[in-house]
Each structure stands twice: as structure tokens, then as C-alpha cells.
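Engineer: Here the protein sequences line up with chains Y and A, keeping their order.
Its first residue numbered 1, the first sequence is counted upward by one per residue in the working numbering.
Its first residue numbered 102, the second sequence is counted upward by one per residue in the working numbering.
Take these hints with a grain of salt, some might be off.
[Unchecked claim] Now the in silico label distances, taken between C-beta atoms and shown as ranges:
no., chain 1, residue 1, chain 2, residue 2, range
1, A, R214, Y, V76, 38 to 44 Å
2, A, P242, Y, V3, 27 to 33 Å
3, Y, T97, A, L251, 30 to 36 Å
[Stated by the list, open to error] Okay, the calculated bits of chain A under chain Y, using three or more residues with CB under 8 Å as the criterion:
no., segment
4, 114 to 128
5, 133 to 140
6, 174 to 180
7, 202 to 209
Since the hints were derived computationally from the structure, they do not count as laboratory data.
Given the structure is predicted, the values throughout are model-derived calculations rather than measurements.
Every residue, glycine too, gets a C-beta built ideally from N, C-alpha and C.
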Amino acid sequence: MSVGLEHYLVVSATLFCLGLFGVLSRRNLLVLYMGLELMLNAANLALVAFSRFNGNLDGQVIVFFVITVAAAEVAVGLALLVALYRKRRDPRVDELTLLKS
Amino acid sequence: MQDALFYTFACLTLVCGFLVVANPFSRNPVTSAMFLVLTIVSLAGLFVLLHAFFLAAVQILVYAGAVMVLFLFVIMLLNPGAEAEERLRLYGVITGLLAAGSLLALLLRSLARGPLGETTPLAEGGTRELGRLLFTEYLLPFEIISVLLLVAMVGVVLLGKKELK
Chain Y
1 MSVGLEHYLV VSATLFCLGL FGVLSRRNLL VLYMGLELML NAANLALVAF
51 SRFNGNLDGQ VIVFFVITVA AAEVAVGLAL LVALYRKRRD PRVDELTLLK
101 S
Chain A
102 MQDALFYTFA CLTLVCGFLV VANPFSRNPV TSAMFLVLTI VSLAGLFVLL
152 HAFFLAAVQI LVYAGAVMVL FLFVIMLLNP GAEAEERLRL YGVITGLLAA
202 GSLLALLLRS LARGPLGETT PLAEGGTREL GRLLFTEYLL PFEIISVLLL
252 VAMVGVVLLG KKELK
């Protein structure tokens with residue numbers, strides 16, 4: 001059986017769930033961002049696979065935009081992390097309780 | 102040949118992706134970042150197998166180049182030595198396993214439902230075709246993206262300043 005759309009979608013779904021697991025289970029903000037990147041990449045893979053097997057290039061253009069937005073998101077997120085780290089020297093998310101009380 | 106390459110790249114992607122989020126040997130963020138690079142490179146291999154050559158190049162350049170350098174730079178800057186032995190929360194692991202597992206079961210079940218429609222002519226994602234689309238049909242989103250990048254740059258410079266009011 002040759003490789004078709006379903007194979008790519010299974011890989012994409014598994015990768016997305018791995019990223020989701022990372023975001024939910026890890027405490028380090030940096031690793032959490034990496035889980036987010038995994039989820040974005042899984043969505044990209046699904047879009048490219050659909051684009052290939054439907055004979056339509058629009059999906060690939062959307063992936064191009066997603067990659068750009070993800071780069072901007074990582075830059076802003078890491079800048080926030082650095083600013084946060086200056087205030088409280090701790091990258092763990094469950095210690096971020098500044099808004100409490 | 103193509104099938105063997107697909108299975109190689111798919112296994113590499115999934116194993117490295119697992120090692121990014123749940124490495125049993127090391128909790129060091131640098132290790133996670135390195136495995137993320139491997140994941141991204143093998144995903145670029147999958148893009149090549151899907152004939153999306155331009156996106157494979159962009160994936161390597163932007164992700165493995167720019168984004169991962171940014172990650173490593175921040176890791177080095179913060180020097181997280183103390184939380185290398187970050188303990189896992191049992192609660193978080195159980196919640197994560199439950200949520201990710203049920204989502205995966207849902208997705209695979211819907212995929213196993215049946216065929217995904219008839220086959221149409223396959224798309225070729227070369228630079229020329231993609232560029233033509235990008236500068237005709239998608240010109241407005243393209244310009245908006247450039248404004249977004251400018252906004253992100255200004256925001257990052259503002260956040261990176263010494264005194265944050």
C-alpha cells in the first residue's frame with residue numbers, strides 16, 4: 001500500500017497530541033513554547049498534505065503565513081520570558097502568581 | 102523508495118517530538134531544543150516528499166535557523182542551571198496524558214472512518230507557482246504579514262529595554 005493522505009494525517013495528529021501533552025505537563029516556560037511549536041508544525045504538515053493531495057496550492061500559502069506568524073510569536077514570547085525573568089528569577093509557569101491577591 | 106523515506110522521516114519526527122516534550126534522560130531545555138531542531142529537519146524532509154520544496158527550504162531557514170537560534174540564545178542568557186532537575190507534576194502529567202490521549206483517539210477514529218475522497222491531480226509546490234499565488238491572489242495578506250512582523254519587532258525591542266514600567 002503506497003503512502004497516501006491518511007499516513008500524513010496520522011503523523012500530523014500524533015505530533016499535535018505530543019505537543020499538547022508537552023504544553024499540559026511541563027512546567028518550564030521554554031519547553032512549553034517548544035510544545036507550542038510542535039503543535040504549529042503538526043498543523044503545517046496537515047495543511048501541506050491536504051494541499052498536495054487536493055491539487056491546490058492555497059494550503060501551502062497558508063503554511064507560509066503560519067511560519068511567519070510563528071516566528072513573530074516566538075520572538076514576542078521569548079522577550080516576555082526575559083522581561084519576566086528579570087523580575088522573578090524562575091521560568092516555571094506555576095510560580096507566576098503576580099496577579100493573585 | 103519514497104515509502105521507505107516517508108516511514109523513516111515519520112518515525113524520526115515522532116520520536117524526536119516525543120523526546121522534546123518528555124525526555125526520560127534529561128530535563129535540560131537545551132536537550133529539548135536540540136531534539137526540536139531534529140524534528141523540524143525531518144518535517145522538512147516530509148515536505149520534500151510532498152513536493153513542497155519552497156516550504157521545506159523556508160522551514161529549515163526560518164525554524165531551524167532563526168527560531169532555534171533565538172531559543173538557544175534565551176536559554177544561554179537565562180542560564181537555567183537550578184531547574185535542570187525540574188520535577189514533574191504528577192497532576193499535570195495525568196491531565197496531559199488524558200487530554201492528549203483522548204484527542205488522539207478522536208482524530209484517529211475519525212480518520213479510520215473511511216476514504217478521504219477521490220484522488221485529484223497532485224500539486225507541485227515549486228517557488229514559481231507559490232510566488233505567483235503570493236503576489237497575485239494573496240497580496241493583501243502578504244502585506245499585512247509584513248506589518249505584523251514590524252509590530253512584533255517594535256514590541257520585542259520595547260520589552261527588551263532595561264526599565265519596564
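Engineer: Next, verify each hint and record whether it holds.
Structural biologist: Evaluation of the provided hints:
Checking the proposed 38 to 44 Å range against R214/A and V76/Y shows it holds: the Cβ atoms sit about 39 Å from each other. P242/A and V3/Y have their C-beta atoms about 31 Å apart, which keeps the hinted 27 to 33 Å range intact. For T97/Y and L251/A, the Cβ-Cβ distance of about 34 Å falls inside the hinted range of 30 to 36 Å, so the restraint holds. Against chain Y, the segment 114 to 128 of chain A contributes 8 residues with a C-beta closer than 8 Å to a partner C-beta. That satisfies the three-residue criterion, and the hint holds.
With a threshold of 8 Å between beta carbons, the proposed coverage of the segment 133 to 140 of chain A by chain Y holds, since 4 of its residues qualify and at least three are required. For the segment 174 to 180 of chain A, the assignment as covered by chain Y holds, since 4 residues bring a beta-carbon within under 8 Å of that chain's beta-carbons and 3 suffice. Counting residues of the segment 202 to 209 of chain A whose beta carbon lies closer than 8 Å to any beta carbon of chain Y gives 5, which reaches the threshold of three, so the coverage claim holds.
In summary, the structure agrees with every hint in the numbered list given earlier.
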